[in-house]
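Trainee: Each chain, letter by letter, is given below.
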Amino acid sequence: MNESMTAQTQEGKRGFLKFVLSGSLLALAGSIFYPIFAYLKPPKSGEVEVSSVKAGKVNEIEKDSGKIVKFGTKPVILLRTAGDELRAFSATCTHLDCTVQYKKEMGLIWCACHNGKYDMNGRNVSGPPPRPLDEYRVVVQGDEIIISKKA
Amino acid sequence: MKKPLWKRIYTWVDERVTLEDLVTFLGKKYVPLHRHSIWYYFGGVSLFLFIIQVVTGILLLLYYKGGEELAFESVQFLMAKVHFGWLIRSIHSWAANLFILAGMIHMFSVYFGKAYRKPREMTWLTGMLMFFLAMGFGFSGYLLPWNELAFFATKVGTDIAGVVPFFGKSIMEFLRGGEDVTGATLSRFFGFHVAVFPGIFTLLLGIHLILVQRQGMSEPIEDGVNDAHTRKTMPFFPNFLLRDLLLWLIVLNLIAILAVFFPWELGKKADLFASAPAGIKPEWYFLFMFQTLKYLPAQLWIIDGEIFGIMVFGVAGLLWMLVPFWDRKSSKGERSRRINYLGVIAVMYIIILTILGWTS
Numbered sequence: 731m732n733e734s735m736t737a738q739t740q741e742g743k744r745g746f747l748k749f750v751l752s753g754s755l756l757a758l759a760g761s762i763f764y765p766i767f768a769y770l771k772p773p774k775s776g777e778v779e780v781s782s783v784k785a786g787k788v789n790e791i792e793k794d795s796g797k798i799v800k801f802g803t804k805p806v807i808l809l810r811t812a813g814d815e816l817r818a819f820s821a822t823c824t825h826l827d828c829t830v831q832y833k834k835e836m837g838l839i840w841c842a843c844h845n846g847k848y849d850m851n852g853r854n855v856s857g858p859p860p861r862p863l864d865e866y867r868v869v870v871q872g873d874e875i876i877i878s879k880k881a
Numbered sequence: 002m003k004k005p006l007w008k009r010i011y012t013w014v015d016e017r018v019t020l021e022d023l024v025t026f027l028g029k030k031y032v033p034l035h036r037h038s039i040w041y042y043f044g045g046v047s048l049f050l051f052i053i054q055v056v057t058g059i060l061l062l063l064y065y066k067g068g069e070e071l072a073f074e075s076v077q078f079l080m081a082k083v084h085f086g087w088l089i090r091s092i093h094s095w096a097a098n099l100f101i102l103a104g105m106i107h108m109f110s111v112y113f114g115k116a117y118r119k120p121r122e123m124t125w126l127t128g129m130l131m132f133f134l135a136m137g138f139g140f141s142g143y144l145l146p147w148n149e150l151a152f153f154a155t156k157v158g159t160d161i162a163g164v165v166p167f168f169g170k171s172i173m174e175f176l177r178g179g180e181d182v183t184g185a186t187l188s189r190f191f192g193f194h195v196a197v198f199p200g201i202f203t204l205l206l207g208i209h210l211i212l213v214q215r216q217g218m219s220e221p222i223e224d225g226v227n228d229a230h231t232r233k234t235m236p237f238f239p240n241f242l243l244r245d246l247l248l249w250l251i252v253l254n255l256i257a258i259l260a261v262f263f264p265w266e267l268g269k270k271a272d273l274f275a276s277a278p279a280g281i282k283p284e285w286y287f288l289f290m291f292q293t294l295k296y297l298p299a300q301l302w303i304i305d306g307e308i309f310g311i312m313v314f315g316v317a318g319l320l321w322m323l324v325p326f327w328d329r330k331s332s333k334g335e336r337s338r339r340i341n342y343l344g345v346i347a348v349m350y351i352i353i354l355t356i357l358g359w360t361s
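Those sequence lines, one after another, are chains A and B. Read in order, the letters of the first sequence are residues 731 to 881 in the working numbering. Read in order, the letters of the second sequence are residues 2 to 361 in the working numbering.
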């Protein structure tokens, strides 16, 4: 065997070792960091998704007023308009996640955080909100108000 | 005659680790004197306020309980029943705000003095990182009493993180510990506030202080040209140190006055199903950004106004942090007016928008 052959085999061996070593280092890093990153991501909560809720009796909510109702883990705003109509919208402002309220003086749905305004149909009419509020269906069974998701 | 105790202790340590170098170093340390020397004190004041935060923070930890059902109640108990509980909490809140203020003054004075220029780039970088961490401390600590204002501030703040392109949603869920701000968020913020941030901060502070000791104080470019004979200095030990301590004492008194006469309120407990109260505002140091977002229209050209605003602040913050690397003039010892104008614009913008946010 001449010298250049030896150098070549040496080079080959070194390359192989480099490959094996860096490969295993990478695998080690992966096996450490993958579980950590996976751990940081919160699991989906096991709560059952709600499709409808009871929101109390009709006579419990005054005309021309609104109230927040728990819809599973999300707040929903139930409105009884001056014209005696019941409406429900998602109470989560489409701007930055604050909870909206009914503002009697303005006859509007209002968000205190950044002065966003929605009309009585949930349409964003003024301020920073980029989208209208999602509407929910309201049904009255007997005197019980039932709010459900729109299909 | 026997030597006094402190001397014997000193000798005991000196025999083992040789304190001589350190003593000579302290004796030779000088602080340059010029018309801008006053600004040298603000780093020290920030350090003092940080120490107050560590001490009062540890005291608060003795009574604080985490969790949606316990956090608010435990702070209420602390303030009503624990001896001086109200005082410790009030000091922690006031010192937190003054800490940010002192850090800001320190940062702007370093900026206008171009003290970040070569060879002090790393000092500036660690300082900026500490400043961002301080804001993180403020944001995470604000939630811990679990009151109404904090709850909505956290909702808004974390939702803003959610508009970052691509990773936004993951960042938001990571911060919140889920899709919404809940008790899970409180647990995470508590962990950030009392473990993660202090750990990183202490490391950065150590580097920052060692660099300051190694390199000494920076001098303004125009004054630096003075030759060694006309240059006035003051020994660090004890002259400057004593002045430092006097100022710390004044700051401590200021905090005591603020904490006693303007005690920090607790407010109402957070209700996940209540509307956001009117007049909701973030802490003053976030106000200029908050106010800017209010002025931006929902849609700006092809992107959301929000995303635009946040990206502009992000890029501006990054450029600010990297100023030693693009301000070539100062590094060469030349005066650079452009940097001054930029700084003045930034300060004016922050002040005006903060006032507008405050009064609106």
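There could be a bad hint or two in this list.
[As the list claims (entries may be wrong)] Under the rule of at most 27 Å between Cα atoms (straight-line distance), these lysine-lysine pairs were calculated in the DSSO-like manner:
{"id": "1", "chain 1": "A", "residue 1": "K833", "chain 2": "A", "residue 2": "K879"}
{"id": "2", "chain 1": "B", "residue 1": "K170", "chain 2": "A", "residue 2": "K774"}
{"id": "3", "chain 1": "B", "residue 1": "K282", "chain 2": "A", "residue 2": "K774"}
{"id": "4", "chain 1": "B", "residue 1": "K330", "chain 2": "B", "residue 2": "K295"}
{"id": "5", "chain 1": "A", "residue 1": "K834", "chain 2": "A", "residue 2": "K797"}
{"id": "6", "chain 1": "A", "residue 1": "K771", "chain 2": "B", "residue 2": "K29"}
{"id": "7", "chain 1": "B", "residue 1": "K66", "chain 2": "B", "residue 2": "K270"}
{"id": "8", "chain 1": "A", "residue 1": "K804", "chain 2": "B", "residue 2": "K330"}
{"id": "9", "chain 1": "B", "residue 1": "K30", "chain 2": "A", "residue 2": "K771"}
{"id": "10", "chain 1": "A", "residue 1": "K774", "chain 2": "A", "residue 2": "K787"}
{"id": "11", "chain 1": "A", "residue 1": "K793", "chain 2": "A", "residue 2": "K774"}
{"id": "12", "chain 1": "B", "residue 1": "K170", "chain 2": "A", "residue 2": "K800"}
{"id": "13", "chain 1": "B", "residue 1": "K170", "chain 2": "A", "residue 2": "K847"}
{"id": "14", "chain 1": "B", "residue 1": "K330", "chain 2": "B", "residue 2": "K29"}
{"id": "15", "chain 1": "A", "residue 1": "K804", "chain 2": "A", "residue 2": "K743"}
{"id": "16", "chain 1": "B", "residue 1": "K119", "chain 2": "A", "residue 2": "K847"}
{"id": "17", "chain 1": "A", "residue 1": "K800", "chain 2": "B", "residue 2": "K82"}
{"id": "18", "chain 1": "B", "residue 1": "K330", "chain 2": "A", "residue 2": "K797"}
{"id": "19", "chain 1": "A", "residue 1": "K787", "chain 2": "A", "residue 2": "K771"}
{"id": "20", "chain 1": "B", "residue 1": "K29", "chain 2": "B", "residue 2": "K3"}
{"id": "21", "chain 1": "B", "residue 1": "K30", "chain 2": "A", "residue 2": "K800"}
{"id": "22", "chain 1": "B", "residue 1": "K170", "chain 2": "A", "residue 2": "K834"}
{"id": "23", "chain 1": "B", "residue 1": "K82", "chain 2": "A", "residue 2": "K804"}
{"id": "24", "chain 1": "B", "residue 1": "K233", "chain 2": "A", "residue 2": "K847"}
{"id": "25", "chain 1": "B", "residue 1": "K330", "chain 2": "B", "residue 2": "K233"}
{"id": "26", "chain 1": "A", "residue 1": "K833", "chain 2": "B", "residue 2": "K295"}
{"id": "27", "chain 1": "A", "residue 1": "K797", "chain 2": "B", "residue 2": "K29"}
To be clear, the hints were calculated from the coordinates, so they are not data collected in a lab. The model shown is predicted, which means the values in this text are computed figures rather than measured ones.
Trainee: If a hint holds in the structure, say so; if it does not, say that too.
Mentor: We went through each hint and held it up to the structure:
1. Of the supplied pair hints, the one linking K833 (chain A) and K879 (chain A) holds, its CA atoms being roughly 24 Å apart against a limit of 27 Å.
2. Note on K170 (chain B) and K774 (chain A): the hinted pairing holds, with a Cα-Cα distance of about 14 Å set against a maximum of 27 Å.
3. Our distance criterion of 27 Å between C-alpha atoms is broken by K282 (chain B) and K774 (chain A), whose separation comes to about 31 Å.
4. Using a Cα cut-off of 27 Å, the hinted pair K330 (chain B) and K295 (chain B) is violated, with the two alpha carbons roughly 37 Å apart.
5. The straight-line distance between the Cα atoms of K834 (chain A) and K797 (chain A) is roughly 12 Å, inside the 27 Å bound, and the hint therefore holds.
6. Distance hint between K771 (chain A) and K29 (chain B) is unfulfilled; the C-alpha atoms sit about 53 Å from each other, more than 27 Å.
7. A hinted pair counts as satisfied when its Cα atoms are at most 27 Å apart, and K66 (chain B) with K270 (chain B) qualifies at roughly 15 Å.
8. Restraint check: the Cα-Cα separation between K804 (chain A) and K330 (chain B) comes to about 55 Å, which exceeds 27 Å; the hinted pair is violated.
9. Proposed proximity of K30 (chain B) and K771 (chain A) is contradicted: the alpha carbons are some 50 Å apart, above 27 Å.
10. Restraint check: the Cα-Cα separation between K774 (chain A) and K787 (chain A) comes to about 33 Å, which exceeds 27 Å; the hinted pair is violated.
11. Among the hinted pairs, K793 (chain A) with K774 (chain A) is inconsistent with the structure: their alpha-carbon atoms are about 39 Å apart, more than 27 Å.
12. Only pairs whose Cα atoms come within 27 Å are accepted, and K170 (chain B) paired with K800 (chain A) is accepted, the gap being roughly 24 Å.
13. At most 27 Å may separate the alpha-carbon atoms for a hinted pair to count; K170 (chain B) and K847 (chain A) meet this at roughly 25 Å.
14. For the given pair, K330 (chain B) sits about 31 Å from K29 (chain B) by alpha-carbon distance, which is inconsistent with the 27 Å threshold.
15. In summary, the hint linking K804 (chain A) to K743 (chain A) is not supported, as the alpha carbons are separated by about 62 Å, beyond the 27 Å threshold.
16. With a C-alpha separation of about 51 Å, the suggested pair K119 (chain B) and K847 (chain A) falls outside the 27 Å cut-off, and the hint is violated.
17. Among the hinted pairs, K800 (chain A) with K82 (chain B) is inconsistent with the structure: their alpha-carbon atoms are about 34 Å apart, more than 27 Å.
18. For the hint linking K330 (chain B) to K797 (chain A), the alpha-carbon distance of about 61 Å lies beyond 27 Å, and the restraint is violated.
19. Note on K787 (chain A) and K771 (chain A): the hinted pairing is violated, with a Cα-Cα distance of about 40 Å set against a maximum of 27 Å.
20. Between K29 (chain B) and K3 (chain B) the alpha-carbon distance is near 31 Å, which puts this suggested pair outside the 27 Å criterion.
21. Distance check on the hinted pair: K30 (chain B) and K800 (chain A) sit about 65 Å apart at the alpha-carbon level, beyond 27 Å; violated.
22. Of the supplied pair hints, the one linking K170 (chain B) and K834 (chain A) is violated, its CA atoms being roughly 35 Å apart against a limit of 27 Å.
23. Between K82 (chain B) and K804 (chain A) the alpha-carbon distance is near 35 Å, which puts this suggested pair outside the 27 Å criterion.
24. Proposed proximity of K233 (chain B) and K847 (chain A) is contradicted: the alpha carbons are some 62 Å apart, above 27 Å.
25. Distance hint between K330 (chain B) and K233 (chain B) is fulfilled; the C-alpha atoms sit about 26 Å from each other, no more than 27 Å.
26. For a cut-off of 27 Å, the pair hint linking K833 (chain A) to K295 (chain B) stands: about 20 Å separates their Cα positions.
27. A threshold of 27 Å between alpha carbons decides the hint, and for K797 (chain A) with K29 (chain B) the separation of about 71 Å lies outside it, so the pair is violated.
Violation of the numbered hints given earlier is confined to hints 3, 4, 6, 8, 9, 10, 11, 14, 15, 16, 17, 18, 19, 20, 21, 22, 23, 24, 27; the remaining hints are satisfied by the structure.
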